[in-house]
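Chemist: Each chain is listed here by its residues.
2 protein chains.
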Amino acid sequence: MERVEIEKSAPQPVLVVGSVGYDDIETPFASDTRILGGSASYACLASSYFAPTRMVAVVGNDFDPKDRQRLSNHGIETAGLQTDESGPTFTWSGKYLEDFNQRETLDIQLNVFESFKPVLPDDQRDSRYVLLGNIHPALQSHVLDQLEAEDTFVAADTIDLWITTERPAFIELLKRIDFLVINDSEAELLTDESNIIKAGAALRALGPKQVVIKKGAHGAYFFYEGGLFALPAYPVTELRDPTGAGDTFLGAVMGYLAAVDRKDVPTLKQALLYGTAVASLTVEAFSCDQLESGGAAMIASRVVELREMISL
Amino acid sequence: MERVEIEKSAPQPVLVVGSVGYDDIETPFASDTRILGGSASYACLASSYFAPTRMVAVVGNDFDPKDRQRLSNHGIETAGLQTDESGPTFTWSGKYLEDFNQRETLDIQLNVFESFKPVLPDDQRDSRYVLLGNIHPALQSHVLDQLEAEDTFVAADTIDLWITTERPAFIELLKRIDFLVINDSEAELLTDESNIIKAGAALRALGPKQVVIKKGAHGAYFFYEGGLFALPAYPVTELRDPTGAGDTFLGAVMGYLAAVDRKDVPTLKQALLYGTAVASLTVEAFSCDQLESGGAAMIASRVVELREMISL
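Sequence lines, in order, name chains A and B.
When we follow the working numbering, the leftmost residue of the first sequence carries the number 1397, and every step to the right adds one.
When we follow the working numbering, the leftmost residue of the second sequence carries the number 1397, and every step to the right adds one.
By construction, these hints were calculated from the structure, which means they are not laboratory data.
Just to be clear, a hint being listed does not mean it is correct.
Same chains, same names: a pair is fine if it fits in one copy or spans any two.
Below, computed lysine to any residue pairings styled on SDA-like, alpha-carbon distance capped at 25 Å [claimed, not checked]:
#  : residue 1 : residue 2
1  : K1491     : E1398
2  : K1594     : E1701
3  : K1594     : A1426
4  : K1605     : Q1666
5  : K1611     : T1633
6  : K1594     : R1636
7  : K1594     : P1424
8  : K1594     : V1700
9  : K1594     : P1638
10 : K1594     : E1403
11 : K1571     : A1426
12 : K1491     : L1570
13 : K1665     : L1502
14 : K1605     : E1704
15 : K1571     : W1558
16 : K1611     : D1580
17 : K1594     : V1632
18 : K1594     : F1682
19 : K1594     : S1697
20 : K1611     : L1708
21 : K1594     : H1470
22 : K1611     : P1638
The shape of chain A in the complex, shown without the other chains (with noise of 0.2 Å):
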């Protein structure tokens, strides 16, 4: 796996807490069993892009080998993914209509990830960039209290569930982390603001000095101090599956700012392209097959397109 070329990169790794799981998956143009998937699966597969990537999760006794291979291969380290004999992987099951815009879940298996407590090995405690997957609030904020760097960069995504059922537990989490990516309409369960400007005010209120509020299809809005930065989306012409699309960007965003090793306005702006562009693989194939084989010079080459398509 060839990392993508960044000017002055200087790799720190990447610490992403998450699930993994094998997904059942069916959209109007094709459906697929048992394929790999969890917020963590396509966030290390992203990260690894731009820096070292280590995972923090859990999987059942059912777990194939050749899986944890496909990890280690993407230059993954899984020392920290842990093995549950008691029963089987998470599994979820989903559907997309037309249009993409909805999704149903048919089923969920939580099974091991049910009772999962993630425990950082001691030798990656040091981590200084640390992506918090979606899972409870509050098994987000034991991966925090197992951190012992002064200068960590934390970044958290969610979904709804947890702000209907685990909102205080959420709203603590978010007065210990950086950066926040959420979509338009957990910005607007949390908040109760419509209007996303108002939202992306009041979300940065609550903890993240740094907030992006995803809108699908149409970009992203970055919320900093003192400013607003409107993202594009790739201009996709072949949507096929979104799975995962919100866990790339956010895995790729944190490889870049890790691969420089910097977290200003800047370097976040740009880090926010080379999210876009990875998640653009993502969606553009079944499962993350095609954020595996898509490769560096893709990437590289959509965060051209996209620098030009905001250029005046």
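Given the structure of chain A, go ahead and fit chain B onto it with the hints provided.
Modeler: Then chain B, alone, in the frame of chain A:
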């Protein structure tokens, strides 16, 4: 009325053809009756912030002389604003629902607009920047037949009604224009492409070299030879009345182009930022009130904000 200050300004006149009418508008926040509206009113008020603007439209025997004065006061040349004494002015009555995404037409009375034949005053036939606002496509073509300059830049807007009922006439018009501005649902209706990137390419294949597809609060895409520009929306926090936003946008774009007397791609991109800034004035207040009163300084400062929103 003070013009927006623009470097290298060499203002050419803009000719605008469209409707002038009285609107009754109801929004979740306010309602008002018999307010000055119509595509030509919004477009001319916007354009006149940048360049001398010639209005070609029709009003009826009930048109208030104060409204004509109001247009003149904003620097609009009303020699081409015919008065048809045979009946009353065009009226439109509409209602916006809670989220402003849906608009319901409650009543429409074409009145004198029904028999309107746009006639260009002799001394306006040399216009080199021509905005064909939303009227019957055959009338838009009729305006083009009266033009005499060699290098006229023609922009057109439309609505779904004409795409549905007058498709052949609209397709003919498309072959004669340089710049089409259309919203996303109209683009899909015309091209049968739900993917906006493909729709943009399909529209360019129908004639206009430059195409803008508007996405409301999500900004717009500008398609040109070999490129794509992602235009952000101005971050409006208090949406009050979206009526006339599209007409305002295109009016300001054409005003800017005429002000610098250029129509190359980099100039068009700048023009689109000005269009976005001026349209934001329209939507923040009822009717054309803030469009009229907003002023050159506010427009200039919003363009600076928009540039920052896409700067890396």
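Chemist: Taking the earlier hints as the rules, which of them does this structure contradict?
Modeler: 1, 10, 11, 12, 13 and 21
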